[in-house]
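Student: Here is how the chains run, residue by residue.
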Amino acid sequence: MSGPVKGGATVKARAELALNDEFLRKAVRFTTERLRNGKKKASEEHGNWEEWRERGRQIRLHTIAHLDYYLNLFVNNARANGVHVHFAETAEEAVKLTLDIAKHSGARSVVKSKSMVTEELHLNHALDSIGVEAIETDLGEYIIQLAGEMPSHIVIPAIHKNRYQIAELLSKEAGYELPPDTTALAGFVRKKLREKFLEADIGMTGCNFAIAETGSMVLFENEGNARMVSTVPKTQVTLMGMERIIPSWSDLEVMATLLPRSATGQKLTMYMSGITGPRRSGDADGPEEMHIIIVDNGRSLQLGDPEFQELLNCIRCGACLNACPVYRHIGGHAYGSTYSGPIGAVLTPSLNKNIAEWDDIANASSLCGACYEACPVKIPLHDMLVYLRRRKVESGHGNKLESIGMQGFASVMGSAKRMSGIVKLGKLGQKLVAKDGEIRLKLGPLKGWNTYRVTPSLPKEAFRDQWPTLESELRNELREMKPDMLERMKQVAERQKQGGGGGHHG
Amino acid sequence: MANQQQESHAEWLARLAEESKAKQEKFMNGIAKRLGHPRMTSAPAHPYRGAPDFWKAYEWTPEERIQGFTDNFLSVGGHVARLESLADAAAFIAGKAEEMSARTVLRQDDPALAELRLEETLPAGASVSVWNSDDESQWKTVAAGADFGVVQADHAVAYTGSVTVLSASGKGRSVSLLPTVLFIVIPVERIKTRLGEVLTTFDETGREGLPAGIHFISGPSRSSDIENDLTIGVHGPGIVYALLVG
Ligand code: SF4
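Read top to bottom, the protein sequences are chains A and B.
Here UniProt numbering is used: the first residue of the first sequence is 1, the next is one more, and so on.
Here UniProt numbering is used: the first residue of the second sequence is 1, the next is one more, and so on.
Honestly, the hints are just simulated from the structure, not real lab data.
The C-beta atom is built at its ideal place from N, Cα and C for all residues, glycine as well.
Fair warning: there could be bad hints in the mix.
Below, a list of computed lysine-lysine pairs in the DSSO-like style, where the Cα atoms sit at most 27 Å apart [stated by the list, open to error]:
| # | chain 1 | residue 1 | chain 2 | residue 2 |
| --- | --- | --- | --- | --- |
| 1 | A | 96 | B | 26 |
| 2 | B | 21 | A | 234 |
| 3 | B | 26 | A | 353 |
| 4 | B | 56 | A | 41 |
| 5 | B | 21 | A | 96 |
| 6 | B | 23 | A | 96 |
| 7 | B | 23 | B | 33 |
| 8 | A | 378 | B | 56 |
| 9 | A | 103 | B | 23 |
| 10 | A | 103 | B | 21 |
| 11 | B | 33 | A | 353 |
| 12 | B | 56 | A | 40 |
| 13 | B | 23 | A | 353 |
| 14 | B | 33 | A | 378 |
| 15 | A | 191 | B | 96 |
If we take Cβ atoms under 7 Å as the criterion, some of the chain B residues that face chain A in the derived model are [said to hold, decoys possible]:
| # | residue |
| --- | --- |
| 16 | 20 |
| 17 | 44 |
| 18 | 46 |
| 19 | 235 |
Pulled out of the complex, with its shape left as it was, chain A reads as follows (with noise of 0.2 Å):
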């Protein structure tokens, strides 16, 4: 095999790489699979679960809707706790802040736990350019690290390799050979990260959530990097985007109940810690210094955006990408992005304010409304996709493809009471998703892609060879559709047949 190549530039050309890469498929699948069922399993144990969903998005949306205070609240209070806060409205002013703090701390070596805002940022690379080392720190991370790559998964980043792979990738950073398995790789990367941890000079987070009212930051993790990160070195960045912010701790029951459900199907991560300013004076441990950069990176331009607004209500849970035909059947890295599957699909146009060149990716979803009944906060992604598409058209981006697509949802939805049953709405997903057997999807320009590197493997078959395929599958899960969701789908078409108009363009 030659060295590794670029990725294709399309997202086509991307799902196609990934469609032939037969573990990647059962990888995904299996995985995906296995979340999906964990969350049924934990949600329907839990009870009331639609009582618990609904609390949630009016936690969030209350937030959100007051987000000027709260979110002064949380800094005045970070600030009062000896934190030093700080704002970064763009991607560009966050690395450049973070590079300052890395530079006055005489950093060498920066631990991460996982973080999908600078992911976003794409950080590490920026602190490579100045020479300092950054390290990742969850095991999966650490694995796609070391490949050189993107992760595929927003709860499990390295769910396309398998473990010949990983010892391969592991040998190499031990010098010697080890074997493919997991217990004997999972032990060599704890002896590994544990002397990074306690050499490093910077650790570096994300947040799951920020405490308005004591300026506290809250961390769910299963392995224990990210108490590491936040306890050993001596300065601790963290990452958040400006919305991660709720009220108080009792807010934080209803989070802590519904994202580990969602994410994995645990009733709570194995640690949730909740971490308030820097190391008190008599304290042996904690860091001495802790600053907390406040990331805006486009999401602004959702507040006040009714269609979009509740996008900032995401609680970066994986639900959606689990239930998702289409996720399931291509895997994240089609997507090109941060972000993938349904969340990503909305949020990476929305994010980088280019609806034009970005819908490709939006395009890429049956629209069967799974990932609302999935998502923990009742996001409704699938209505956004519409709204997407019905941007670019409206801004003169759109080509005839795009509006035949717009009709041709319409008025199948439109005749749907005559057509015989769910089986045909199966079509309605081809419809949207494929044309002529593809992945109707055409330029993903992706500066963040170009680091992004596959191996090659020799394509076997084409895409719309597999087609059925997917098809089949999106057969399967619109059986299951339920009434409402139907309902749903049948307003949306509706609309769409009104002329749609209303748009709130930015």
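Add chain B with the ligand to chain A, keeping to what the hints say.
Tutor: For chain B with the ligand alone, kept in the frame of chain A given last:
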């Protein structure tokens, strides 16, 4: 020289603080503008605070709580022992030290844990250190080298099978994190039914009273990142004993 350097670091932080405060106003005003309301300066009514009411009324009997905690903790690969007294807990830890040939034990500086008198009960050859009991030791390094960490739970939650440990000068965050094996002493009367019963205490305490680290621990460190295969003990302790005392 060192002094000068420190000063410039402080100056740098002060400059960042000024910049941050200026930006804060701009940031918040921008948010308010987008939301279409004037800057909010007082707390809005929050009718949906916390868990739904039906949940707040949910409660288990003390025996149910012990059972629930035990079942949950076991289900994620933790170990549980029900013990009558601290002396029994000490004997239990000593037995495990014998079994696993533990050489170094680190405990929190806590009156209840002092009562365990581990120095006397542990087998010969095992040494006991007490977190932050002198200024010379590198306590994080001591914790990283410890075979056993011994802590007491400040709270426990039956419904999720979790314990809560709060940091303090005598109670390092590292003690429940860096050793290979973790023992958590839990007085049974501290086991509550719901997570919310513990979380609301932090609202009641308020910002100024909170410790730097509040950690909920629900079992051994774990990962399923390699081929969905469950691996125990990735970064934190892989072997965790919940010792229910009383
Ligand atoms: S959109 Fe909903 S389901 Fe998807 S990651 Fe966000 S919170 Fe989870």
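Student: All the hints need checking, so say for each whether the structure fits it.
Tutor: Taking the hints in turn, this is what the structure says about them:
no.: 1; hint: A/96 / B/26; result: holds, 19 Å
no.: 2; hint: B/21 / A/234; result: holds, 24 Å
no.: 3; hint: B/26 / A/353; result: holds, 21 Å
no.: 4; hint: B/56 / A/41; result: holds, 22 Å
no.: 5; hint: B/21 / A/96; result: holds, 18 Å
no.: 6; hint: B/23 / A/96; result: holds, 15 Å
no.: 7; hint: B/23 / B/33; result: holds, 15 Å
no.: 8; hint: A/378 / B/56; result: holds, 22 Å
no.: 9; hint: A/103 / B/23; result: holds, 22 Å
no.: 10; hint: A/103 / B/21; result: holds, 22 Å
no.: 11; hint: B/33 / A/353; result: holds, 18 Å
no.: 12; hint: B/56 / A/40; result: holds, 23 Å
no.: 13; hint: B/23 / A/353; result: holds, 22 Å
no.: 14; hint: B/33 / A/378; result: holds, 26 Å
no.: 15; hint: A/191 / B/96; result: holds, 23 Å
no.: 16; hint: 20; result: holds, 5 Å
no.: 17; hint: 44; result: holds, 5 Å
no.: 18; hint: 46; result: holds, 6 Å
no.: 19; hint: 235; result: holds, 4 Å
Every hint from the earlier list agrees with this structure, and none is contradicted.
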